[in-house]
Structures are given as structure tokens and as C-alpha cells.
Amino acid sequence: MSESKKTIEVKVERTIPAPAVEVFDAWLDPKIPGNPWNMAEKLLLNPHVDGFFYWLIQGTSHYGRFTEIERPRRIQHTWMSRSTSGEESTVTVTFQKKGEDTLMTLVHSGLPDTEGGRGHEKGWNFFLDNFLKKFTEASGEKA
Amino acid sequence: MDQLTDVLTAISHPTRRAIIGKLAAGPARFTDIAEPFDTALNAVTKHLKLLERAGLIQRKKQGREVYISFRAEPLRQVAGWVHEYEQFWNERLDQFEQHFQKKKQQKEKK
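The listed protein sequences derive, respectively, from chains A and B. The first sequence begins at 26 in the numbering used here and counts up by one. The second sequence begins at 322 in the numbering used here and counts up by one.
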């Protein structure tokens with residue numbers, strides 16, 4: 026892997042109304058909607074350090090190896106798919122207690138700086154401004 | 322309004338993102354789409370109208386039933402600006418969060 030290749034990091038956060046251990050376990054349970062293993066056309070999942078996963082969804086294969094499993098605080102695994110252009114990216118999910126809720130932070134790093142990625146750098150603020158403006162307008166509308 | 326604005330409006334609401342998430346798995350009937358939501362049926366109809374205006378869904382009649390399916394093309398316009406994984410994880414985590422919110426609501430009802 027070339028060190029000079031520029032990569033992109035994506036960070037997404039949500040506050041989940043449940044204790045961290047419940048959220049942690051749900052994240053590794055393929056039956057729970059929204060986690061990466063849900064809605065699989067084919068799934069092999071071995072959520073232990075050095076365990077592998079294979080996830081097929083809408084005809085796209087995803088592969089990875091778990092590198093950290095620290096119940097109920099942190100999960101890290103590698104992630105390879107057509108969209109990572111053969112590069113090994115990393116997904117790190119942390120679960121922090123926030124009162125009765127859990128702050129869940131997902132960081133997907135090492136994503137190749139593809140055309141879509143560069144578009145992201147140039148256009149993200151523009152997109153976000155519009156998105157937020159729309160969001161505010163939409164919430165002001167009668168749904 | 323231009324199509325991009327329509328698309329941004331369409332994806333700016335968590336319920337509409339959840340509808341897209343469901344339809345991404347395959348076409349569904351109106352009743353199947355409305356079923357998981359606590360909102361009134363006419364609210365779901367309004368959400369579907371906004372998704373339709375953005376070109377994100379289309380309706381097809383099959384026998385007596387009308388099936389609604391997802392069209393990804395308009396999202397590509399937006400995806401040029403957001404990394405596809407940003408969109409992917411946002412959609413996933415919305416569903417994940419919604420699962421827990423529903424669970425909490427069910428607990429509170431008991």
C-alpha cells in the first residue's frame with residue numbers, strides 16, 4: 026500500500042436511547058436493522074479479534090477482519106469493497122455512556138480519495154449549508 | 322425548484338430516509354411502507370409525494386396492487402458531493418437509531 030495516497034475519513038454520530046452494552050450487542054447482531062450485517066444477501070460473521078466477515082448486499086461484496094472488540098466500548102474492523110478500490114479501510118465504532126443514552130460514533134477512515142471523495146472535499150460545505158437550510162425549512166413546514 | 326433541491330428536500334427527513342432504506346431492499350406496497358411508522362397514513366402519503374417529486378420513487382401497477390420502487394439515479398447527483406460511505410453510514414445509523422426509538426416507545430407503552 027502506498028503511503029502517499031490521500032485518504033478520506035467519514036464520521037457519523039448518533040445518540041441511541043439505550044445503554045451502551047445493549048447498543049454494542051445490537052451492532053453485532055445481524056437481526057437488528059441498520060447495522061452493517063443486516064439485510065444481507067449472504068453473510069459470514071465472526072465478531073472476534075482476527076475473525077472475518079463477508080457481507081453481500083445488492084450484489085456488492087464487502088470483506089473485513091475484526092481488529093478490536095472491547096465490549097461495550099469499541100469495535101474496530103477493516104473494510105474492503107468495490108468502493109474502497111481494493112484498499113483496506115478501517116471502521117471504528119465507539120459507544121459512550123451519555124446519561125441513560127449512548128453516544129455512538131462511527132469513523133470510517135482510509136477511504137481512497139476517489140473522484141467522489143474529492144467532490145466531497147470541495148462540495149461538502151455547500152451541500153451541508155443547503156441540506157441544513159432545507160432541513161430547517163422542512164421542519165417549519167406542516168408535514 | 323430544480324431537481325437537486327427536490328432531492329435534498331426529500332432526503333432531509335428521517336422518515337423519508339427510512340422509506341428509501343426500506344425500498345432500497347425491493348419494491349413494496351403502500352401498506353408495507355406505512356406499517357412500521359407510527360405516523361398517520363396521510364403523513365406517509367405526503368412523504369411519498371415528496372420522494373416522487375424528487376424522482377426517488379416510482380409507482381407500478383401489478384394486477385390489483387400498486388408497487389412502489391426506489392430509483393437511485395437522483396441520489397447520484399447528490400452523491401457527487403457526499404462520499405458514498407457518508408450516505409451509507411448515515412442511512413444505516415438512522416435505521417439503527419429508529420430501531421431503538423421504537424423499542425423505547427414500546428417499553429413506555431407497557
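Honestly, the hints are just simulated from the structure, not real lab data. Treat the numbers as computed from the prediction; the structure is a model and nothing was measured. Incorrect hints may appear among the rest.
[To be verified] Calculated pairs, PhoX-like style, for lysine-lysine (alpha carbon to alpha carbon, straight line, at most 20 Å):
no.: 1; chain 1: B; residue 1: 370; chain 2: A; residue 2: 56
no.: 2; chain 1: B; residue 1: 343; chain 2: A; residue 2: 123
no.: 3; chain 1: B; residue 1: 423; chain 2: B; residue 2: 382
[Stated by the list, open to error] One-sided and incomplete, this derived list gives chain B residues near chain A with beta-carbon spacing under 7 Å:
no.: 4; residue: 357
no.: 5; residue: 405
no.: 6; residue: 406
Cβ atoms here follow ideal geometry from the backbone N, Cα and C, with glycine treated the same way.
Structure-based check of each hint:
1. B:370 x A:56: violated, 30 Å
2. B:343 x A:123: Distance of about 29 Å is beyond 20 Å: violated.
3. B:423 x B:382: Violated, at roughly 32 Å.
4. 357: violated, 9 Å
5. 405: With a closest approach of 6 Å, the residue 405 (chain B) hint holds.
6. 406: Holds, because the Cβ-Cβ distance from residue 406 (chain B) to chain A comes to roughly 5 Å (cut-off 7 Å).
Consistency with the previously given hints fails for numbers 1, 2, 3 and 4, ordered from lowest to highest.
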